[in-house]
Each structure stands twice: as C-alpha cells, then as structure tokens.
Amino acid sequence: MNSMRVNHHPVLGDLKEQKKVTIYFDDKQYAAYKGDTIASALLACGVRTLRHHEDKETPRGIYCNIGHCFECRVTVNGKNTVRACLTPVENNMRVESGRSLAETALQGGKL
1 MNSMRVNHHP
11 VLGDLKEQKK
21 VTIYFDDKQY
31 AAYKGDTIAS
41 ALLACGVRTL
51 RHHEDKETPR
61 GIYCNIGHCF
71 ECRVTVNGKN
81 TVRACLTPVE
91 NNMRVESGRS
101 LAETALQGGK
111 L
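With UniProt numbering as the guide, the letters of the sequence shown map in order to residues 1 to 111.
Honestly, the hints are just simulated from the structure, not real lab data. The reader is advised that the hints may include incorrect statements.
[Stated by the list, open to error] Below 25 Å or equal to it, Euclidean Cα-Cα: the simulated BS3-like pairs (lysine-lysine) are: (1) K34 with K20; (2) K28 with K79; (3) K34 with K16; (4) K20 with K79; (5) K34 with K79; (6) K79 with K56; (7) K34 with K56.
Produce the complete structure using the sequences and hints provided.
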C-alpha cells in the first residue's frame, strides 16, 4: 500500500526530514518518523483499526486524537491501555491491538 503521509501541505508547506524508525504493530513491520505518534504513523501506513470494542467487537481507531476518548488505546512493549494518539514512536517499539480492559475498569473502577 502506498503511504498516506502528507509530505506537502498547501498551507503548512513541506514536511521536514525526520529520522526514520521502525515500529511493529501486531508483529507487522511499519516505517515511521521521529516525532510521529503511534496513531499518526499507523494511519500514514494505512492502518485504521487499533482495537475492537469489548462487547460489540466493532473496530476502533483514532477518534478525538487529543487523548480524551481512549478509543485508540493499544498495548506498547507489554504496557496496556496506552493512548496511541499521544504516545511518540520509538525505534523497534512493539505495539499490539488494544486488549480488553480489566473487568473492574469496565464497571467504572480505576485502570
């Protein structure tokens, strides 16, 4: 698939060169750039689904992109409930589709 990355914006101009890094999402390798968030890097690579709803199994991805909705939560290097829209990529970062929240969190308890 071709990259969906915006390299030239009509108002903001050209994207500045950044260091290329590698991330893994569900064991598949993707190219990203220093300064990307996990969500923006995966979206630029054509990945839209970051997890599935706990009850309905409907796909979830980037929604608010400012960290409020938690729709983009993923597991990063074994740490659960990481918001992909706020977390910068790091070289060789391992990202997995979001796991279901703990039962206490689903019932309104703390994560």
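Quick rundown of the hints versus the structure:
no.: 1; hint: K34 with K20; in the structure: 6 Å, holds
no.: 2; hint: K28 with K79; in the structure: 18 Å, holds
no.: 3; hint: K34 with K16; in the structure: 11 Å, holds
no.: 4; hint: K20 with K79; in the structure: 24 Å, holds
no.: 5; hint: K34 with K79; in the structure: 21 Å, holds
no.: 6; hint: K79 with K56; in the structure: 24 Å, holds
no.: 7; hint: K34 with K56; in the structure: 35 Å, violated
Of the numbered hints stated above, the single one contradicted by the structure is hint 7.
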